[in-house]
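Based on these hints, arrange chain B on the given structure of chain A.
There are 2 protein chains.
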Amino acid sequence: MSLHLRAHSTTIRPHCKEVTIISETWTLDDIATPSLLINLDVVEANLTRMADSLHSRHIALRPHVKTHKSVDLARLQRALGADGITVATIGEAEVFVAAGFDDLFLALPLWTTPRVAAKLDRLSKLAKLRIGVDSLRGAQALATQLRAPAELEIMIEIDSGQHRTGTQPDQAGELAAGCQSLGLRVVGVFTHGGHSYAGADAVKRAAADEMAALEIASSSLHAHGVEAKVLSAGSSPTVDNLGGTVTEARPGTYIFNDRQQVALGAATPDQLAAVVATRVISTAVPGQFVIDAGSKALTAERSALLDGFGAIIELDGAIVTRLSEHHGVVTYQGTPPQEGTLLHVIPNHICTVVNLYDHFEVSRSGQTSDSITIDARGHLT
Amino acid sequence: MSLHLRAHSTTIRPHCKEVTIISETWTLDDIATPSLLINLDVVEANLTRMADSLHSRHIALRPHVKTHKSVDLARLQRALGADGITVATIGEAEVFVAAGFDDLFLALPLWTTPRVAAKLDRLSKLAKLRIGVDSLRGAQALATQLRAPAELEIMIEIDSGQHRTGTQPDQAGELAAGCQSLGLRVVGVFTHGGHSYAGADAVKRAAADEMAALEIASSSLHAHGVEAKVLSAGSSPTVDNLGGTVTEARPGTYIFNDRQQVALGAATPDQLAAVVATRVISTAVPGQFVIDAGSKALTAERSALLDGFGAIIELDGAIVTRLSEHHGVVTYQGTPPQEGTLLHVIPNHICTVVNLYDHFEVSRSGQTSDSITIDARGHLT
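Which chain is which? The protein sequence lines are A and B, in order.
Mapping the first sequence onto full-length UniProt numbering, position 377 (from 1) lands on 377, and the numbers just tick up by one.
Mapping the second sequence onto full-length UniProt numbering, position 187 (from 1) lands on 187, and the numbers just tick up by one.
No wet-lab data here; the hints were simulated from the structure.
Careful, some of the hints might be misleading.
Pairs involving identical chains hold if they fit within one copy or between any two copies, as the list cannot separate such chains.
Stated by the list, open to error - Here are the simulated SDA-like cross-link-like pairs (lysine to any residue), alpha carbons at most 20 Å apart as the crow flies:
# : residue 1 : residue 2
1 : Lys119    : Asp30
2 : Lys119    : Gly340
3 : Lys229    : Gln171
4 : Lys119    : Ser35
5 : Lys128    : Glu94
6 : Lys119    : Ala32
Here chain A stands alone, though its shape is the one from the complex (with noise of 0.2 Å):
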């Protein structure tokens, strides 16, 4: 399989504004499509950007591992600066402490049944592992449902704007005393701030949400008589502008980026590290052109602040309108490419893409390809 290198101009078009991409990519001769290809080099370039400055602002970099489910993946993100991992899953956990991953955070309020309790005994035997909780029920399922409460480390989820988990802020002392008093102990508080992605005015606001909301949950903590050594807060778009007594940010998509991630400019067209190879498979409706990327390859995930599903790379302002589960249909009104062309599409949102493939394909800049695992892929529960 041969590597060339293609410099290629494609404008995304939003509602709100365009953006123009300018990137290298790649193209693999007789690839399989539809592949996810990532390039390494644009990765590696992240991750590095990423930790180096969180690093400088003295927050700790504990990325979030459901974007890419791939051990290697996180042992790069680990060799170049992450302080421990955060996972979705139990699953997810799993698969990362049999991969020798001795700091992780789950940060969801999991519900805990009698299997959940029993996974998180063991996993907590295993590794630094903690936990979000939002309710006293939830806490009290944690207390009861564990043999080793006292293992685990809780981290009590706040609401910093985006209405989604997480107590208000000014009762998280209350609910830290109440786990407490459970005989669990607890860290720190954390939030997501994911109201940044209602367009790219929100994401400076929702970061100063997120830092009010972590420093008045940590003062009522202490209040409470408890300390939080933890103040965890971020996304991809809101991190950029943490600081304040924030001590660790959790992005995860920012080790890719994605069409979402450039329409709020959390990232730069060079910065697009993942892409769906497809090729054109029907030209036979005038006005537009089929490639074998559907739902199944690109998910339907729409964004607000973007048109259909995905931009075509290689031609300036052709995006995917309409999907079947294996057509993606291209409103096109030029001449359209012929059937068999290849064809690279960035995703509006890359989290949910990589969960649908088994693995990667690899390519560097100048090197040969190479495949990496999507170790966690469906690891729902």
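Structure of chain B alone, referenced to chain A:
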């Protein structure tokens, strides 16, 4: 793991109408969530009904296995009357041929790279394999790359109104003659009346379009000296309205049905065979609760006919209104169910949901549970 039966009544609220769901469902006490549950009694009833209905109209049933991607379920379809299967990718074809299926239709105008050609050559020795063509260029790639092009059976794809792929019906003969002159063997014409998904009003018209287009295409082939022995139509919504000269139908979703099929009038609520089991993980934010099924468990697929990303069976009118990867936010004005409550979600579109899981949790009314592997999950190429 014990099994309980409960009767639930739920209302699905699409934009245009309300559909009342009354279905028996199951509670697997310590089931891991999110999980994909199917009721095998309902599956078998769906399979038998479709086979009987089509056979009474002298139409062969070639179910699309992309919906379930499971060897066990394809065997069940065969045992209950299916005449061959339809697949969407080479990877799916490989899985089902390896499992002994010997009559497959790859219903796409796939692009033939050297890699694809090698696989098609191998598969066409092991099974009767049909493949779609909608361009002369695509036919040329097949004829050039294959070692044994005459082993394959070619189906000309025509556009009956979905405007996705397929040549115009009256041009099918010219394309078929072109294929024959390249040494390919054309056996019929096919179409997918996907414009049926526009709404319940569109279903009958789309079925009529399919029948009319196939008849025109068949005549066009005849005029060019090619006999179409197969006239293949069908999507799950249109299949009940097929007749005339149609020889074969290719429904997929009918095995499980989903929220969209019910909204289209193509299934009744008691024909829903698949749900996602989930638990409440947070009630911290007023006016809503959060379940552990997000976009990696439900997909982010929307339908113009439906609000949100899925309906909660147990709670009348409760819809998943917002998704993160591991969170589903359910807007809910009443007293929310407590953290830990087990709920079941009817997905919008079951085919893409199945592709997220490695296995089905299986139940029958009154029997203990089992598991069925989703063998071809992620076989995208």
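Check: Taking each numbered hint in turn, which are not upheld by the structure, reported in ascending numerical order?
Finding: As far as the earlier hints go, not one is violated by this structure.
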